[in-house]
Structure formats: C-alpha cells, structure tokens
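2 protein chains.
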Amino acid sequence: MYSEMFKPESDLRRQKIQTALRNAKADALLLVDNADLYYVAGRVFCGYAYIPVEGEMLCFVRRPVGLKGDNVVYIRKPEQIAEELRSRGVALPSCLLLEGDTLSFNEYNRLAAIFPDSKVSGEGTALIRQVRAVKTPYEIAKIRQSAAMHDTMYRRIPKYYAEGMTDIEFAIELEHAARQHGSLGIFRIFGHNMEIYMGNVLVGENADNPSPYDFAMGGAGLDTSLPVSCNGTAIRRGQTVMVDMNGNFTGYMSDLSRVFSVGSVSDKARRVHGVSIRIQEAVAAMARPGVAAADLYHCAAEIAKEEHVEEYFMGHRQKAGFIGHGVGIEVNELPVIAPRSRDVLQEGMVIALEPKFVLPEIGAVGVENTFLVTADGMEKLTTCTEDIVRLD
Amino acid sequence: MYSEMFKPESDLRRQKIQTALRNAKADALLLVDNADLYYVAGRVFCGYAYIPVEGEMLCFVRRPVGLKGDNVVYIRKPEQIAEELRSRGVALPSCLLLEGDTLSFNEYNRLAAIFPDSKVSGEGTALIRQVRAVKTPYEIAKIRQSAAMHDTMYRRIPKYYAEGMTDIEFAIELEHAARQHGSLGIFRIFGHNMEIYMGNVLVGENADNPSPYDFAMGGAGLDTSLPVSCNGTAIRRGQTVMVDMNGNFTGYMSDLSRVFSVGSVSDKARRVHGVSIRIQEAVAAMARPGVAAADLYHCAAEIAKEEHVEEYFMGHRQKAGFIGHGVGIEVNELPVIAPRSRDVLQEGMVIALEPKFVLPEIGAVGVENTFLVTADGMEKLTTCTEDIVRLD
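The listed protein sequences derive, respectively, from chains A and B. Residue 189 is where the first sequence starts when you use this note's numbering, and the numbers rise one by one after that. Residue 189 is where the second sequence starts when you use this note's numbering, and the numbers rise one by one after that.
Hints were generated in silico from the structure; no laboratory data involved. Computed from a predicted model, the values in this text were never measured in an experiment. Check each hint, because a few of them may be wrong.
Given that identical chains are not distinguished, each listed pair holds provided it fits within a single copy or across any two copies.
[Said to hold, decoys possible] Below are the SDA-like pairs computed for lysine to any residue, each with C-alpha atoms no more than 25 Å apart in a straight line: (1) K265 <-> D455; (2) K307 <-> A480; (3) K568 <-> D305; (4) K265 <-> D289; (5) K456 <-> I374; (6) K265 <-> D402; (7) K307 <-> D289; (8) K213 <-> G257; (9) K493 <-> A480; (10) K256 <-> N297; (11) K307 <-> G254; (12) K493 <-> M193; (13) K347 <-> A336; (14) K213 <-> M193; (15) K204 <-> R343; (16) K265 <-> D531; (17) K493 <-> R530; (18) K265 <-> R530; (19) K507 <-> R251; (20) K256 <-> M193; (21) K456 <-> E567; (22) K493 <-> P346; (23) K213 <-> M382; (24) K204 <-> A422.
Next up, chain A with everything else stripped away, as it sits in the complex (with noise of 0.2 Å):
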C-alpha cells in the first residue's frame, strides 16, 4: 500500500483512531473518503480502509491494479468486505461507523446492509475529523513545507501584476506561478458543496458581492456556475487587491491572505487593516492548548466592536461566521474559530485565522496565516510581511 517508511507513521494515526474508537465504544471504522483514505494509507485509492479497535488496518482496494503490502486486499466490489474479514478471522464488529457526513445516502447504505448484525453508526466523520484536527509530527512537517513554499511565492506575488489588469487576469497569473512554485492545484474542501478554482482573488467592490460558498470572503464570480472570487473588476488605484490562494504544495494546506495596491490606499484602509493584524496578535497571543475556540472568536468581535468596524467585520453585505478553521488535508478542518463552536483547542493543531474586513467601494483587508498550536502557545507558519504591499 505504502512504503515502508510510512509504516510508523500509518500505525500512529491508526493507534490515534483505536482510541478515539475505544472512548467512543465502538468497534470499528470504515473509510472511504479520499481524504480519510489519504490520511490513513499514506495514498488516495478507491476503496475502503477497516479500522479495527484492535489490530491492524485493512485496505480493501478496487482501483489502482498493482498495490503491495500485507494488509492490501484487492474486491471488486464491497459486499466482498465481510466475506474477507471473516475469512481472516476478525471478527465482524457490533458497532460500526461509517462516514455519515462525506458518504452518500445510497452509499452508506449500500455499505451498512453488508453488516446486518452490526450497530451502524454515521459518526465516523465526526471522529475522523477530531483525530486528524490534532497533527502528527509528520503532518506538521508537510504542512511547514507548503507554508513555506506558499510563502515564498507570495513574496513574489507584486512581479506578476501588469499595469491595466483585471482581477481575473492578474489570477490567472498567479494561478500560474503558483503551480509553477509547486502548487498541486486542486484544492481540497471539506462539504459537498463547497467548491472554488484555486483560490480568491478579491478586488474593490468585488469584495463586497455575496457568493453562496461558506467562505470568509466572497466576489461575484465570473460566471453563475460558480459565483465566488474573480468578475473581471479592473485593479483601480486606491482599492485593494485580496490574495487567499491555494496552499497545497505538499497533499496538506496552509492558508495564507495578502492585501495589495496599486497607488496607495485611504487612511482608512489603512487603519482597518491594521486592526485585522491586532485582532490576530490577540487572538494567537491568547490561544494556546485548553483555551475554547469560541473564547478566541469573542476575543477577535470584541475589538473590532472597541474600534468602531464591526459594520466591516467579516465582510459587510454578508458576513462569514468564523474568523479561522483548522487547515490539513482540506482547508476547512476543526476546530472552528466561531461564536458557538464547543472546540478546545489541543496542541498540535493548525490553524488558519483570518480577521478580515470588507470596506464597500475600497474592498478587503486583513491578514491571515496558518498558526500551529505548540504547548507555549501560537507559532506562526506564514511569515511575508502584513502590510500592504504595492503592486506598482
């Protein structure tokens, strides 16, 4: 299935699940996600990983032909799963999750029917998801690597604007060099529904247009098939210029918004981005292991109330409901920097926050970086100086 070398690696996060199950008296989970799938094998692969309480974790494959490793065992189809764990002894679990908020209505269904006599549960992705929100130490790692690498390009992010540029065709240009840094391209969201191209590039009054996404930051879109970022706004002197692009350079996020210009900004724009940049040095000066996710969100409403920009805060037509989200596999992992989340957060966490506003007629500001929870508090991933930067 994997090289060797992931081996240890695979064995930690599977003994990281058989607690989370244990805790959750269950006996078992079946993945088929392909995040989760990622998360557990190293690989995407269509199929299914079996996650025992106990034991090792077994990989029913379908597609690709040619995967290796003793826990590798090749179907055609899923109804074959109970026939081979009986025939490899294991016992067929009383209780069983399954991934209730990613599977399909017909998939899970179809999935549960082959254990009749089992307690089949749709909790799995609540549980997968709170064992991938705290990262190992080889998920740290890649998700250093990516920061680092999407650092770096957008140190780089002035050289590709041209005078006279709209915002989609200053995107495309970044799109590129992205890709041409590293990026992977595809971005990957948690939630059936939640889609964009490789990220947001939000212009002037753009930024004020709603998109239907759950999303901190919206833009029109350029077309109804996909009404989010770019509408093909010219890049005006005075009006800022909002990079939230695509952090995935290693399978794992960052997460990573930048405020540009042409000429410079008002006064105003100036003082609302600097008040998005104290939101998030209280914010990360606050957060640390056991401090509640919401504690961090009230902190972040309560300045931006103190000075006067609430009507801003989180964008000004429609406003998103958090102010970060844990980054990983997908952009959109736990916990949720929000009112009412009940997330504690625990070290090892990664996490994107993102303070931002919307000024009408001037656009976004704000910052935002991916942070990884240590004991001693917020270490801070994405380094590129905050300020505005000129693109001329």
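Following the hints, complete the assembly by docking chain B onto the known chain A.
Showing chain B alone in chain A's frame:
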C-alpha cells in the same frame, strides 16, 4: 433568482422534471447539489430547490444575500421548509425524492425528518440525471460555445511546448493557456471521490500507470494525495503526449483529447491511433436516437478485437470500463457507453466518445470528441485535426 431572460429556460427544465416526477409517481423533488441547483435555477446558491409535480418551483436560499424573485424564500435552516410550504398553501408531498447519490447520509436524514408523513426516497439523483442527460436547445448552445473555445485553444497547443519540458511543465503552460482562453478552471465531476485538477496530460510510459479514479486514462500523478495525470516524466522523442483537458468555458463542459509528439512516433503508434479514429467513426455512424449505449460499446470493442489491439484498448495494465459518457454541467453525465449500460440514446444528448489505447513505453493514443445526438445521427462539436500533431 435569475434574470427574466432565463425564466422560459427555467420553466422548460422544470417541466421536464415534472414529467419525470409524474412517470415516477412522485409528488416533489428537493434539490441541494450545486450542479442540480445550477440546472434548475441558472445559478449556484446555498439552499434548496423544491419542485412539485404541478406548479412553480420554490428556491429556499441560505446564501448569498440579495437574490430576488417571486420564487425566492430566504431561510436560515432547512427545517423551515415545511412551514414555508404550508404558509404558501403548497401541500406537503406524499412521495418526495431526494438526491440519494449526492446528499450525505446525515444531511439526507435531516431533510427527510422535515417530512415525517411523506414517503421519502433517494431516487432523486437518478431522476435528475436522466432529465439532465437530454439537453435543451439553450444548453446545447452553451456546450457548442464551450466546445468552440476548447477547440480554439487546442489548435494552439504546440505553441506552448518548449524543448526539454517535462509533462508537468507542459501541463502548467496548457492550464495557463486554457484560463487565458476563458476556461472557468473548475472541473465538475459527478461522484464524491472523483477529483482531478484541470485535466490529464499523459506522457510516454506514465500513460500505463493506473490511477484510483474512474476516468478513461490514469497516470501516476505528482503526489499520492492526487495520484492521476503528470508525474514529472520528460517529454521524449517518439513518445506520445495525450492532452485531455478541461473544457469548462461556459458552465457546461466539453470533452476533447488529442495526441501530440516530439519527433515522429512509431508505425505501431500511428496504426493504433488510426484504429481509435476508425472506432470513433463507426460508433458515431451507428449512434442515433433509440440505439442502446451498450451496443455502441460492443461495436468499439469488436473493432479493437478485429484489429488485434484489445490488449491496449482503454488501458493496458488497468482498463477503463467505458468508451464514452454524457457531458453537460458535469463531465460524466448520462448516458454511459459501457457494456452493461441500460441507457438508450435520445435526441439532445451530448456524448464524449473516447476510444483510447495505451501502448506501454510509447504512451496513450486515440481521440476524444464531443458529439450531439441529433434526429439524424451524431454531430461532432470538436473539429480540430485528429492526426498526431508534432510539437516540434
């Protein structure tokens, strides 16, 4: 919700769905999936479209703010839908269809619980996919436009090649070119574990690396998190370069593959490429309304056998199980041109035919074109040369 111009088109699509609901003896369809919402409403929104077997569609919208229209009802959570229907005098359905193949198990159950007195079924996906398989004249115009833009970009492919490039270096230039030619970037695929970036560029022996995805061709990919397409192979003289890239220029996909080479390819490669063209012509000549999709597949497989190239047909180490598929809002719509397909061709379907071959050490050969099923037979919408084109 949408411009007045789109109203007659939306009405036509609704009526097609209502006919299908009557045939299925169902009272209503509740849609959530972005591709389905875009189909019925002409735009993606976050919410639900409720289509009763008689009467107007209602759009229950959570985001974005600001949508207008007689049929727009803002809600905060789906539980409000039943109340909103009652308050409008709409009878709750006896039999409601939900999208069982795209809704997650947990979301399906949440929606089903809103209608405790209804018979709820997950057959909504099958129904809407059948409806979407037969395109309206408006949709055909969108696909024609996408195909024309796609074709224009493909004619220019050789100019993006530079000596010494690897597959990924070439692919990055083609992605950039596609975006500059108006591609919306996003590649909409049906099926939650189906993913690719902008398409597939397969060079030389990488064409024979199997992938986990249910695409016609594979490739190892650059990373185990997305094991498909380019893997860093250098483009070498005498090997083939198959380009099968994104045709989403209008919210509707077209699908187009062509083969390129540096230097000339072997007689064998040219011969097998010719078999692909012969298969495509035979299948296209046979295809017309009323013909079974399975018969088209058998026609293709028969020619591959006659020509003694079965070994390479639709892959070598791993084979795809189809030679064509519908295209529309998503790249893999109905009908499926596969041996056990029960689909029957209808006027207005749009089908990509891709009888391809993988020659170990040489690469992939064959063509793919997008066709419209007319009353008289197949009209090819993608018309650039089908020869193997030299890059140098």
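For each hint, the structure was consulted:
{"no.": "1", "hint": "K265 <-> D455", "in the structure": "neither (63 Å within a copy, 40 Å between copies)"}
{"no.": "2", "hint": "K307 <-> A480", "in the structure": "neither (33 Å within a copy, 42 Å between copies)"}
{"no.": "3", "hint": "K568 <-> D305", "in the structure": "neither (49 Å within a copy, 53 Å between copies)"}
{"no.": "4", "hint": "K265 <-> D289", "in the structure": "both (22 Å within a copy, 17 Å between copies)"}
{"no.": "5", "hint": "K456 <-> I374", "in the structure": "neither (36 Å within a copy, 36 Å between copies)"}
{"no.": "6", "hint": "K265 <-> D402", "in the structure": "between (35 Å within a copy, 14 Å between copies)"}
{"no.": "7", "hint": "K307 <-> D289", "in the structure": "both (17 Å within a copy, 22 Å between copies)"}
{"no.": "8", "hint": "K213 <-> G257", "in the structure": "neither (29 Å within a copy, 50 Å between copies)"}
{"no.": "9", "hint": "K493 <-> A480", "in the structure": "within (20 Å within a copy, 65 Å between copies)"}
{"no.": "10", "hint": "K256 <-> N297", "in the structure": "neither (30 Å within a copy, 38 Å between copies)"}
{"no.": "11", "hint": "K307 <-> G254", "in the structure": "neither (34 Å within a copy, 45 Å between copies)"}
{"no.": "12", "hint": "K493 <-> M193", "in the structure": "neither (51 Å within a copy, 43 Å between copies)"}
{"no.": "13", "hint": "K347 <-> A336", "in the structure": "within (19 Å within a copy, 33 Å between copies)"}
{"no.": "14", "hint": "K213 <-> M193", "in the structure": "neither (31 Å within a copy, 57 Å between copies)"}
{"no.": "15", "hint": "K204 <-> R343", "in the structure": "neither (37 Å within a copy, 52 Å between copies)"}
{"no.": "16", "hint": "K265 <-> D531", "in the structure": "between (37 Å within a copy, 22 Å between copies)"}
{"no.": "17", "hint": "K493 <-> R530", "in the structure": "within (23 Å within a copy, 61 Å between copies)"}
{"no.": "18", "hint": "K265 <-> R530", "in the structure": "between (38 Å within a copy, 20 Å between copies)"}
{"no.": "19", "hint": "K507 <-> R251", "in the structure": "between (42 Å within a copy, 10 Å between copies)"}
{"no.": "20", "hint": "K256 <-> M193", "in the structure": "within (14 Å within a copy, 56 Å between copies)"}
{"no.": "21", "hint": "K456 <-> E567", "in the structure": "neither (30 Å within a copy, 58 Å between copies)"}
{"no.": "22", "hint": "K493 <-> P346", "in the structure": "neither (33 Å within a copy, 57 Å between copies)"}
{"no.": "23", "hint": "K213 <-> M382", "in the structure": "neither (32 Å within a copy, 32 Å between copies)"}
{"no.": "24", "hint": "K204 <-> A422", "in the structure": "neither (50 Å within a copy, 40 Å between copies)"}
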